[in-house]
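**Student:** Residue numbers (my numbering), protein chains in the order written: chain A, 33 to 143; chain B, 33 to 143.
One-sided and incomplete, this derived list gives chain A residues near chain B with beta-carbon spacing under 8 Å:
#1 Ser36
#2 Glu38
#3 Gly42
#4 Ser43
#5 Ser50
#6 Val134
#7 Ile138
Think of the hints as simulated: they come from the structure by calculation, not from any bench.
Think of the CB as a built atom: it goes at the ideal place given N, C-alpha and C, for glycine as much as any other residue.
Okay, here's what each chain looks like letter by letter:
Protein chains: 2
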Amino acid sequence: MKISKELMKGSTVQLILSCLSDEDMYGYQIIKKIKTKSKNIFNMGEGTIYPILHRLEKQGFLKSYWEKQIGLPDKKYYKITEKGISKLHEEINEWKKYTKAVNNVINMKSV
Amino acid sequence: MKISKELMKGSTVQLILSCLSDEDMYGYQIIKKIKTKSKNIFNMGEGTIYPILHRLEKQGFLKSYWEKQIGLPDKKYYKITEKGISKLHEEINEWKKYTKAVNNVINMKSV
DNA sequence: AGATTATATATCGTGTTACGATGTATACGC
DNA sequence: GCGTATACATCGTAACACGATATATAATCT
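Work the whole structure out from these sequences, hints included.
**Tutor:** Here it is, written out as structure tokens:
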């Protein structure tokens, strides 16, 4: 089963910031980490993640730096900022509140 | 805290179908039920729910019928169809898979 | 040799969606 | 008279994920 595009919309930022709270990573690497960690449920495309990374950097949640490679395309690493960590905490908070609320509604009867 | 618009996007259909799997309801009533059940976390506007109900009916997940009122605007009740029940089960399935996957990713480290 | 796949970045167009704003109409309390 | 509640409807907007496309190198498969 593929997860619907619309479901993804609320959590992509959270997923990315969460990865980067562990260590600096580059876009292509984040895609794979999310894929692995989610047990192949999430398979973000490149056209999805790069614009998000750009956006997050512009908003001050991330900072980037290039690392030159030989025989491979250069890698653009992202580092989470203090502001990004705050954002992540907010997002996780909201996520918990949100999932709890949805479950409260759909568990009206025994599903 | 208000839940972000984008987070809502994946679950509105599920919430509505879930309400209607209990009993026939009209739009205005669904808004309040969701508000109550979610403990005021969700407060859908009318401009949100009516288009969704129309869409779901067009897609064959719901059927509607009017009930005349005296001294009040008439009420348009919605009844979930067999197809709607299947849809609800699919959505709940996807929801569980989705939340589990997100938690797998964000629990990489102790959050 | 040629094609595909993997690595790694970037951007553009498209479709979907929730939501506020606006409109219609009745009734009740201040 | 004015706001609020009940109950429906529609329109425009902004945000977003995603596929498609482009670029470039290297390894693997046919």
